[in-house]
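Going down the list, the protein sequences come from chains A and B. Residue 56 is where the first sequence starts when you use the numbering used here, and the numbers rise one by one after that. Residue 56 is where the second sequence starts when you use the numbering used here, and the numbers rise one by one after that.
Be a bit skeptical, because a hint or two may be false.
For chains that are exact copies, the list does not tell them apart, and a pair is met inside one copy or across any two.
Stated by the list, open to error - The calculated EDC-like cross-link candidates involving lysine to aspartate or glutamate, where the alpha carbons are at most 20 Å apart (straight line), are:
| hint | residue 1 | residue 2 |
| --- | --- | --- |
| 1 | LYS196 | GLU330 |
| 2 | LYS242 | ASP150 |
| 3 | LYS57 | GLU157 |
| 4 | LYS204 | ASP354 |
| 5 | LYS168 | ASP91 |
| 6 | LYS282 | ASP355 |
| 7 | LYS196 | GLU95 |
| 8 | LYS242 | GLU184 |
| 9 | LYS353 | ASP261 |
| 10 | LYS363 | ASP261 |
| 11 | LYS208 | ASP94 |
| 12 | LYS196 | ASP91 |
| 13 | LYS161 | ASP94 |
| 14 | LYS204 | GLU84 |
| 15 | LYS204 | ASP279 |
| 16 | LYS294 | GLU157 |
| 17 | LYS196 | ASP94 |
| 18 | LYS169 | GLU343 |
| 19 | LYS359 | GLU157 |
| 20 | LYS359 | ASP231 |
| 21 | LYS161 | ASP68 |
| 22 | LYS197 | ASP94 |
| 23 | LYS325 | GLU358 |
| 24 | LYS363 | GLU181 |
| 25 | LYS237 | ASP279 |
| 26 | LYS57 | ASP149 |
In case anyone wonders, no lab produced these hints; they're calculated from the structure.
There are 2 protein chains.
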Amino acid sequence: MKIRDIGERALIDRLTKLLPHDIVLGAGEDDCAVLDYGDEYLLITTDMLHQSTDFPDEMAPWQMGWMSVAVSLSDIAAMGGRPFATVAALGLPDDVEIAFVEGIVKGMNACAKKFDIPIVGGDTDEHDELTIVCTILGSVKKDELLRRKGAQKGDLVCVTGELGTAEAGLRALKMDIQPNVKHALTKKLFEPQPRVNEAIALATSDAATSMMDISDGLALSLHDLNKANNIGFLIYGDKLPVLDETKVISTGLDLPLYGAGDFELLFTIKPNALERARKACQFTVIGEVTSGDILVKKDDVTEKIEAKGYEHFR
Amino acid sequence: MKIRDIGERALIDRLTKLLPHDIVLGAGEDDCAVLDYGDEYLLITTDMLHQSTDFPDEMAPWQMGWMSVAVSLSDIAAMGGRPFATVAALGLPDDVEIAFVEGIVKGMNACAKKFDIPIVGGDTDEHDELTIVCTILGSVKKDELLRRKGAQKGDLVCVTGELGTAEAGLRALKMDIQPNVKHALTKKLFEPQPRVNEAIALATSDAATSMMDISDGLALSLHDLNKANNIGFLIYGDKLPVLDETKVISTGLDLPLYGAGDFELLFTIKPNALERARKACQFTVIGEVTSGDILVKKDDVTEKIEAKGYEHFR
Chain A
56 MKIRDIGERA
66 LIDRLTKLLP
76 HDIVLGAGED
86 DCAVLDYGDE
96 YLLITTDMLH
106 QSTDFPDEMA
116 PWQMGWMSVA
126 VSLSDIAAMG
136 GRPFATVAAL
146 GLPDDVEIAF
156 VEGIVKGMNA
166 CAKKFDIPIV
176 GGDTDEHDEL
186 TIVCTILGSV
196 KKDELLRRKG
206 AQKGDLVCVT
216 GELGTAEAGL
226 RALKMDIQPN
236 VKHALTKKLF
246 EPQPRVNEAI
256 ALATSDAATS
266 MMDISDGLAL
276 SLHDLNKANN
286 IGFLIYGDKL
296 PVLDETKVIS
306 TGLDLPLYGA
316 GDFELLFTIK
326 PNALERARKA
336 CQFTVIGEVT
346 SGDILVKKDD
356 VTEKIEAKGY
366 EHFR
Chain B
56 MKIRDIGERA
66 LIDRLTKLLP
76 HDIVLGAGED
86 DCAVLDYGDE
96 YLLITTDMLH
106 QSTDFPDEMA
116 PWQMGWMSVA
126 VSLSDIAAMG
136 GRPFATVAAL
146 GLPDDVEIAF
156 VEGIVKGMNA
166 CAKKFDIPIV
176 GGDTDEHDEL
186 TIVCTILGSV
196 KKDELLRRKG
206 AQKGDLVCVT
216 GELGTAEAGL
226 RALKMDIQPN
236 VKHALTKKLF
246 EPQPRVNEAI
256 ALATSDAATS
266 MMDISDGLAL
276 SLHDLNKANN
286 IGFLIYGDKL
296 PVLDETKVIS
306 TGLDLPLYGA
316 GDFELLFTIK
326 PNALERARKA
336 CQFTVIGEVT
346 SGDILVKKDD
356 VTEKIEAKGY
366 EHFR
């Protein structure tokens with residue numbers, strides 16, 4: 056059987072079973088692996104990006120570098136961690152221009168520098184296709200670790216920023232629309248802003264009961280939280296935060312629910328922690344945790360949110 | 056200008072200049088990046104391997120996985136570190152068999168397990184070409200860190216194991232020779248044994264003044280030590296440790312000096328630390344540190360060792 060017959064999520068489940076994980080928190084369940092290290096947890100995450108899937112032709116080398124660091128930073132943020140070091144492996148075709156590679160590294164450095172993290176090392180390799188793997192280390196106090204596990208019935212469901220923006224940007228690339236809309240959306244798509252500072256503030260505030268990022272889309276992320284907590288959701292379809300530019304592309308629920316590539320935080324809080332959470336960062340309450348199905352309600356119509364979004368090998 | 060016009064080493068020099076490194080030891084100079092972390096240093100290294108360059112057709116998936124972990128473990132070893140966690144990013148063609156991927160992960164786990172290190176996380180990505188990036192974390196007591204810098208005139212030059220084995224294995228693949236010789240050499244090539252335990256023992260013994268691994272070959276590694284210390288070497292050409300099977304492929308100095316892909320340790324010690332080092336691990340004294348050129352002497356003929364070996368983009 057080939058891996059395209061089962062998809063990425065089933066493949067990862069199978070591979071994870073081959074690895075003994077009894078000493079590690081988070082492996083296969085959270086956005087990062089979590090290692091017990093003295094008074095703290097060490098967090099580590101690695102992400103592989105490459106030309107044909109992750110870097111559209113319109114993307115500048117600087118943006119490829121920025122994005123490569125941003126996606127891994129988002130994983131550290133998703134657990135409430137403070138990132139402190141990055142390494143990067145670059146697979147490069149041998150006919151690539153030096154200036155192109157320098158552009159990538161400048162973009163990586165710009166993103167890392169914004170969050171005060173050094174790029175401490177790396178590797179270069181000759182490769183048919185441009186491939187970038189960033190691995191980021193973070194740390195978190197033991198009582199501030201936020202995991203997918205922890206949400207309970209009655210909690211409020213919250214997201215930072217807006218939903219569906221990256222998917223709208225991807226569609227905009229192929230559409231003949233106002234240049235300012237296209238520009239705004241593709242900039243959001245190509246230069247995602249990981250919610251590192253928001254995550255640290257939330258973790259410190261002790262307001263959240265669970266957290267993850269929504270890089271695979273809100274729908275798949277809700278299903279991940281369901282898997283970790285055996286809970287349901289009622290999502291308020293008319294409360295989903297969406298940019299005006301995104302509404303130019305589509306006004307339906309498809310973009311905010313199923314669009315992938317946004318590096319926003321999805322988290323749950325106890326209703327009585329709402330004020331404390333508001334002091335930590337800006338976010339929108341988009342629903343509540345239930346004991347039922349994963350549902351969205353809009354204009355008095357309630358329907359199931361499907362487990363679809365971004366998945367490799369599908 | 057394209058990167059193939061300058062080669063990997065010049066490219067890395069250029070990229071390193073783009074990154075501010077004032078708070079990091081080792082960046083661009085050593086086998087790992089070194090991070091100040093409380094009472095210890097954290098070590099981190101990342102290596103990208105891929106089908107066309109690193110995995111000959113004769114290699115089993117299990118061996119691909121093993122090698123991917125082994126090369127990064129060797130970097131941690133090269134600085135005297137104790138590895139403690141691995142993450143892996145796998146780029147996989149979508150038509151690959153699940154059993155093939157499981158073979159890779161089993162090989163990775165076997166190598167990690169041999170050194171008691173968990174594989175704590177990872178990423179999978181759809182990729183035209185099989186690509187594996189292992190990133191390994193290690194730690195080392197501050198007074199036990201071994202760097203390339205530190206060798207001084209009069210020190211003895213030492214290596215673990217044998218030289219030229221991997222290159223002999225690579226050549227053997229294309230030769231019509233005794234099956235037992237071919238098997239012995241390709242097994243060494245495909246299942247390298249990182250010198251983790253030897254390195255920890257050496258670091259603890261306080262016998263070594265500098266260390267690195269010789270994955271790019273002895274010659275390039277000696278030039279790296281020269282660059283870090285402004286020293287020369289006199290290498291004893293008749294003392295270079297070479298397997299009998301390697302001599303079947305070539306009896307000259309080309310394999311032990313210029314063959315790449317051996318994951319042995321190259322280190323220097325003070326002559327009066329020789330006995331202490333012998334108690335730590337097995338090795339061969341292959342020369343001495345001088346203030347002159349990088350030379351090899353064999354049968355009363357002395358010649359320069361060139362800066363050639365394995366380099367990407369060349």
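To see whether the hints hold, each was checked on the structure:
1. Taking CA atoms no more than 20 Å apart as the test, LYS196 paired with GLU330 passes in neither setting, with 23 Å inside one copy and 45 Å between copies.
2. With identical chains, the CA atoms of LYS242 and ASP150 are never at most 20 Å apart, being 28 Å at best within one copy and 33 Å at best between copies.
3. Taking identical chains as interchangeable, the C-alpha atoms of LYS57 and GLU157 lie at most 20 Å apart only when they sit on different chains, with a minimum of 11 Å there against 37 Å within one chain.
4. Taking identical chains as interchangeable, the C-alpha atoms of LYS204 and ASP354 are never at most 20 Å apart, the minima being 31 Å within one chain and 69 Å between chains.
5. In the homo-oligomer, the alpha carbons of LYS168 and ASP91 lie at most 20 Å apart only across protomers (18 Å), although the nearest pairing inside one protomer, at 27 Å, exceeds that limit.
6. Within a single copy, LYS282 and ASP355 get their C-alpha atoms no closer than 27 Å, and across copies no closer than 72 Å, so neither meets the 20 Å cut-off.
7. In the homo-oligomer, the alpha carbons of LYS196 and GLU95 lie at most 20 Å apart both inside one protomer (5 Å) and across protomers (18 Å), since each shortest distance falls under that limit.
8. Taking the closest pair of Cα atoms, LYS242 and GLU184 never come within 20 Å of each other, the shortest separation being 24 Å inside a single copy and 29 Å across copies.
9. When the C-alpha separation of LYS353 and ASP261 is checked against a cutoff of 20 Å, the pair qualifies neither within a copy, at 31 Å, nor between copies, at 69 Å.
10. For the identical chains of this complex, LYS363 and ASP261 are neighbours neither inside a copy (31 Å) nor across copies (56 Å), given an alpha-carbon limit of 20 Å.
11. Taking the shortest alpha-carbon separations for LYS208 and ASP94, neither the intra-copy value of 31 Å nor the inter-copy value of 43 Å comes in at or below 20 Å.
12. For a Cα distance limit of 20 Å, the shortest separation of LYS196 from ASP91 qualifies both inside one copy, at 10 Å, and across copies, at 18 Å.
13. Taking the shortest alpha-carbon separations for LYS161 and ASP94, neither the intra-copy value of 34 Å nor the inter-copy value of 32 Å comes in at or below 20 Å.
14. When the C-alpha separation of LYS204 and GLU84 is checked against a cutoff of 20 Å, the pair qualifies only within one copy, where the shortest distance is 9 Å, while the shortest distance between copies is 41 Å.
15. For a Cα distance limit of 20 Å, the shortest separation of LYS204 from ASP279 inside one copy, 10 Å, qualifies, whereas the shortest one across copies, 48 Å, does not.
16. Proximity of LYS294 to GLU157 under the C-alpha cut-off of 20 Å is found in neither arrangement, the shortest distances being 42 Å within a copy and 43 Å between copies.
17. For a Cα distance limit of 20 Å, the shortest separation of LYS196 from ASP94 qualifies both inside one copy, at 7 Å, and across copies, at 17 Å.
18. Within a single copy, LYS169 and GLU343 get their C-alpha atoms no closer than 33 Å, and across copies no closer than 47 Å, so neither meets the 20 Å cut-off.
19. In this assembly of identical chains, the alpha carbons of LYS359 and GLU157 never lie at most 20 Å apart, being 47 Å within a copy and 34 Å across copies at closest.
20. When the C-alpha separation of LYS359 and ASP231 is checked against a cutoff of 20 Å, the pair qualifies neither within a copy, at 33 Å, nor between copies, at 64 Å.
21. Taking the shortest Cα distances, LYS161 and ASP68 sit within 20 Å of each other only across copies (14 Å), while inside one copy they are farther apart (36 Å).
22. Both within a single protomer and between protomers do LYS197 and ASP94 lie at most 20 Å apart by alpha-carbon distance, with minima of 7 Å and 19 Å respectively.
23. Within a single copy, LYS325 and GLU358 get their C-alpha atoms no closer than 25 Å, and across copies no closer than 75 Å, so neither meets the 20 Å cut-off.
24. For a Cα distance limit of 20 Å, the shortest separation of LYS363 from GLU181 across copies, 18 Å, qualifies, whereas the shortest one inside one copy, 35 Å, does not.
25. In this homomeric assembly, LYS237 and ASP279 never come within 20 Å of each other (Cα to Cα): the closest approach is 31 Å inside a single copy and 49 Å across copies.
26. In this assembly of identical chains, the alpha carbons of LYS57 and ASP149 lie at most 20 Å apart only when taken from different copies (7 Å versus 31 Å within one copy).
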